[in-house]
Amino acid sequence: IEAKAKAEIARRISSIINHRHLKQAEAADLLGIDQPKISRLMRGQLKDFSLERLMIFAMRLDRDVQIILSKKPRSRKESTLTVAAV
Numbered sequence: 001i002e003a004k005a006k007a008e009i010a011r012r013i014s015s016i017i018n019h020r021h022l023k024q025a026e027a028a029d030l031l032g033i034d035q036p037k038i039s040r041l042m043r044g045q046l047k048d049f050s051l052e053r054l055m056i057f058a059m060r061l062d063r064d065v066q067i068i069l070s071k072k073p074r075s076r077k078e079s080t081l082t083v084a085a086v
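Be aware that the sequence shown starts at 1, since it is given in the numbering used here, and climbs by one per residue.
Quick caveat, the hints were computed from the structure, so don't treat them as lab data.
Since the structure is predicted, the reported quantities are computational estimates derived from the model, not experimental observations.
Built from N, CA and C at the ideal position, the CB exists for glycine as well.
It is possible that some hints are incorrect.
Quick list of the computed label-pair ranges, beta carbon to beta carbon [to be verified]:
hint : residue 1 : residue 2 : range
1    : R43       : R74       : 26 to 32 angstroms
2    : K47       : A25       : 36 to 42 angstroms
3    : D34       : R76       : 38 to 44 angstroms
4    : R53       : E78       : 23 to 29 angstroms
5    : R63       : K4        : 32 to 38 angstroms
6    : K23       : T82       : 27 to 33 angstroms
7    : R43       : K71       : 33 to 39 angstroms
8    : K47       : E78       : 24 to 30 angstroms
Here are the simulated PhoX-like pairs of lysine-lysine, each with C-alpha atoms no more than 25 angstroms apart in a straight line [unchecked claim]:
hint : residue 1 : residue 2
9    : K77       : K6
10   : K72       : K23
11   : K4        : K47
12   : K23       : K77
13   : K47       : K6
14   : K47       : K37
15   : K23       : K37
16   : K72       : K6
17   : K71       : K6
18   : K37       : K77
19   : K23       : K47
20   : K23       : K6
21   : K71       : K4
22   : K72       : K4
Go ahead and model the full structure; you've got the sequences and the hints to work with.
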């Protein structure tokens with residue numbers, strides 16, 4: 001479950017960086033990390049990034065992070081994890 005959440009948040013961070021046309025060095029400066037780490041993040045190599053750290057990066061990119069727990073419908077067997085962007 002954590003890997004799925006990390007991957008989706010990293011994908012969204014990469015999208016924001018690309019949308020803003022930031023160079024990796026500029027993004028690294030903004031997020032407070034070095035450029036090689038931005039490169040790994042953009043390539044989906046996430047073993048060095050915690051879920052909390054990725055959420056902090058999203059916040060540094062002017063995104064609110066919301067965690068919402070809700071009861072699953074009876075019609076579904078298992079609970080799910082969803083990462084949504086507005």
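Okay, the hints, checked on the actual structure:
Between R43 and R74 the beta carbon distance is about 41 angstroms. The supplied range of 26 to 32 angstroms is therefore violated. For the pair K47 and A25, the beta carbons lie near 22 angstroms from each other, so the given range of 36 to 42 angstroms is not met. Taking 38 to 44 angstroms as the suggested C-beta distance range, the pair D34 and R76 conforms, at roughly 42 angstroms. Roughly 28 angstroms separates the CB atoms of R53 and E78, a value that falls within the hinted 23 to 29 angstroms.
A C-beta distance of roughly 18 angstroms is found between R63 and K4, which places it outside the suggested range of 32 to 38 angstroms. Between K23 and T82 the CB atoms are about 32 angstroms apart, so this pair conforms to the stated range of 27 to 33 angstroms. A hinted range of 33 to 39 angstroms for the beta carbons of R43 and K71 is consistent with their spacing of about 37 angstroms. Taking 24 to 30 angstroms as the suggested C-beta distance range, the pair K47 and E78 conforms, at roughly 26 angstroms.
Distance hint between K77 and K6 is fulfilled; the C-alpha atoms sit about 24 angstroms from each other, no more than 25 angstroms. Distance restraint check for K72 and K23: the Cα-Cα separation of roughly 41 angstroms exceeds the 25 angstroms cut-off, and the hinted pair is therefore not satisfied. The hinted pair formed by K4 and K47 meets the criterion: a straight-line CA distance of about 12 angstroms does not exceed 25 angstroms. For the given pair, K23 sits about 44 angstroms from K77 by alpha-carbon distance, which is inconsistent with the 25 angstroms threshold.
Of the pairs offered as hints, the one joining K47 and K6 holds, with about 9 angstroms between alpha carbons and a cut-off of 25 angstroms not exceeded. Taking the CA atoms of K47 and K37, the gap is about 11 angstroms. The hint holds against a cut of 25 angstroms. Pair hint K23 plus K37 holds up; C-alpha atoms about 13 angstroms apart against a cutoff of 25 angstroms. Among the hinted pairs, K72 with K6 is consistent with the structure: their alpha-carbon atoms are about 22 angstroms apart, no more than 25 angstroms.
Distance restraint check for K71 and K6: the Cα-Cα separation of roughly 22 angstroms lies within the 25 angstroms cut-off, and the hinted pair is therefore satisfied. Between K37 and K77, the direct Cα distance comes to roughly 39 angstroms. Violation of the 25 angstroms bound is thereby established for this hinted pair. Of the pairs offered as hints, the one joining K23 and K47 holds, with about 22 angstroms between alpha carbons and a cut-off of 25 angstroms not exceeded. Between K23 and K6, the direct Cα distance comes to roughly 22 angstroms. Compliance with the 25 angstroms bound is thereby established for this hinted pair.
For a cut-off of 25 angstroms, the pair hint linking K71 to K4 stands: about 20 angstroms separates their Cα positions. Taking the CA atoms of K72 and K4, the gap is about 19 angstroms. The hint holds against a cut of 25 angstroms.
Violated hints, listed in ascending order, are 1, 2, 5, 10, 12 and 18; each of the other numbered hints is respected by the structure.
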